[in-house]
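*Asks:* Sequence lines, in order, name chains U and Z.
Counting in the working numbering, the first sequence runs from 1 upward without gaps.
Counting in the working numbering, the second sequence runs from 1001 upward without gaps.
Careful: at least some of the hints might be erroneous.
Derived lysine to aspartate or glutamate pairs resembling EDC-like cross-links, with alpha carbons at most 20 Å apart [as the list claims (entries may be wrong)]:
(1) Z:K1301 with U:E126
(2) U:K37 with U:E177
(3) Z:K1117 with U:E177
(4) Z:K1079 with Z:D1116
Selected chain Z positions facing chain U (in silico; Cβ < 8 Å) [said to hold, decoys possible]:
(5) L1045
(6) Y1046
(7) D1078
(8) N1315
(9) Q1345
(10) E1347
In case anyone wonders, no lab produced these hints; they're calculated from the structure.
We treat Cβ as the ideally placed atom computed from N, Cα and C, and that holds for glycine.
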Amino acid sequence: MKTLILFSLLSISSPLFASVAQFDLIKDKSPVEFEAKGNPSLLSIKGLKGKGGGTLKFNNNSLSGNIIVALNDFDTDLDTRNEHMKEKYLETGKPGFDQAILKIDSVILPKDFSEKGNRIDKFPIEGILVLHGKEKKISCLTDLLIQGNDLNGKTNFKIKLSDFGIEIPSFAGITIEDEIVINAQFKGSTGKQ
Amino acid sequence: MKYSFLILYFIIAQTCWAFPEMSRHGYFNCTSCHLSPAGGGALTLYGRELSKELLSTSSVKGEQYFAYNAIPALSKSDKILLGAYIRGLQVLRENDQVNEARTILMQADAEAAYNDKSWAILGTVGRQEVRNGLESRGHFFSRRHYVLGRFDKHQNIRLGKFLKSYGLDDPNHYMFIRNALNFSYDTESYNVEYSYLAENFNAYLTVITNLKTDDYLRNDENGLAFNGSLKFDKSKLGLSLFHGTNARQRRMLGGLWGIGTFTKQFFLMSELDFQAVMTKLTRTHTNGTVMSHRLNYEVYKGIIPFLSFDQKYLNFSNKNSELHSIGLGARLFPRPHFEITGAVQREARIANSSKDTLYWLMGQLYL
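Isolated chain Z, as found in the complex:
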């Protein structure tokens, strides 16, 4: 049980801080707000404007810029993009055996990028939380660094260390589609990514390597990933494919995902994945599914309660692998630079009817 918080940490951690649901405001391509074609990380100047005007409950003029516009020449530059992220988590897990609470510093990163018309370069430095049971220590590292080339307004190529694009690309790793598929915290890898972005269609093809520059990198797969989506008014429908191998196994994934925008305030995010794993040593096959759904309603600007349902059943021949989670939570964006997310989740293992209740509250400050 002493490892439960390690698991929670990986389950809940958010790192790339992307908002795929911005499609509800008509922003289909991630590059409206982020330097990265696949979203997350360094905000463009336009992204900062949207964080103020579309996400935040209240704000004052100039508040949205880097470091509260402390250095206007840098803070409002569209060439030099700067950011800093501090993220913490308070979590409580209850079940018949345990009642544990803990506070975790999840992320402390600084980020800088130079963004030219046809190319860009980006790097982060920060603290990586390295855990061993209940012990933890900080480790200096770079979460992502890459160079980006833009051939024209549609085509990009990116080389470096970053998260591969797959599925909804939602940064909330409490969703089973992230943590159960090993696409969660610290799974950045060295990749080559080609992206094609159009008004109503986008596609990402990523060659993934298991190059290890850091003992604590959690990705050990070589592989290939495809993620593509079509726009339907303010909704999205996507298809994802992944093939990965490591020393132990080969796996294939296929997923359908979508963001359904019923109104600007009321939207659904869903993903369903099928996974087939072949264990190399025993040559046995394991098939299963994972799904996550989150129904959101923005009751007031920057206040978004949600209901979530997640299911993982990664081995159809083992009923013990089936887990459901029903959650009720809210995301709050009180002002630019702040995000607070909290939820209560009831997790049930179907085979033995065991149940856990998980309460968590996460806060992020970004500059």
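Bound conformation, chain U alone:
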């Protein structure tokens, strides 16, 4: 009987893992930022206002999905720099270059995922990042929490511009380092609320 009650409680608190659930990411609640270093002067340049869209699908203990970010949304606080970034370096005017896509394909979550209340902390999730017409395997350290119909999480990873065929940006005498840090938060919903 105790086992039955316990099972019932677990089922109520984490209904998801009995089956399949798909979360649509809410763009306005899924900010994506990047941070670049510029030299000389050790300048920290942040690209803000990126928004993560797409879907994440949980199938028992595996995770799949796409996170899509429109590159034209990024704002570095200087209009001219934004213009250079988008037109000269990211070349967002070219077909398919206007967005970055993180493809996650059947990543197996830790066995204790559901035992920990459908939560993972700093778990490395591997995916393929499509950017500037190139693809590159990356690993993202990810926090994730599923509560009822809501998904909340955050992730960060580093990329090298040169891996994606992006010319090293230089603007007004400041040259950007090759390595860029990406930070993203995401919030999703199954839409069943």
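Assemble chain Z onto chain U, guided by the hints.
*Replies:* What follows is chain Z alone, placed relative to chain U:
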């Protein structure tokens, strides 16, 4: 009283034209905008971009470059940095005895620098205002000239004539932390400066000499200065130390300063210094404090009203040395190349309750 404008001139003059408050936009190190590791003077190309995009109320494309981009190869060069500065002041002082107004040409300098990856060289030539009471005449001089070496992306050494780094390094010399400590106009000196710049920390160590190449240089101290600061998000907290000697006295200074960024528009600049002076002849000691605070709010891009409070009490044993100043003013950056600052200040000497009202308006054109 005829010297009052001479005093005002030194009090209000601005020369190095730095903007330490750019930390509110996330620019912690001065080298983002200036060639000098300690800020002020020649603008980098990036600094010109920021003057257009972050400071100025309005602008058109290309307006921010040297001489309005008249010679694109030079105007947009990140190797050859050129500048020219003309600054004037209109001031009015009122009290029970006097009501005086005057216009002063404060600065007319041209500046050129060559900026290579690991080194740079800079020099200015211009007119120095030499005053004797109400009389004034121009004097050809070089306000600053130095060579700069960069060991790596963190470490720099600078040799030459320039202002030592101390405290907020705010160029507005109406702040008591500048004029009361003799760190104001024409106090450039021949120095050797080592600087370490990091993302969240920077430090400047300056050996100061009293080498005189110019009869009108106002610095006569040998000494050592340290200025360091830590970054906290878009705010800064700093510590400054100074030891200086001249023929008359030896003095030590210690100060805490900070730039508090509450929002990108709303920010506070504060500095508090303690000074201990030993007079050599009499071997007497004089201790005191100086502080300046300026609370700013950018109501619209390039329009920054401020409230200021300054206090100097440089001799704790003499109440006459205590002076307060409360001010209301605004800084305007209508377009790149222009800056207008105006304020009304009410100054009160605490011991005898005498009060002065000072109105001033300063305009600068830089190319």
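*Asks:* Checking each numbered hint in turn, tell me which of them this model violates, lowest number first.
*Replies:* 1, 8, 9 and 10
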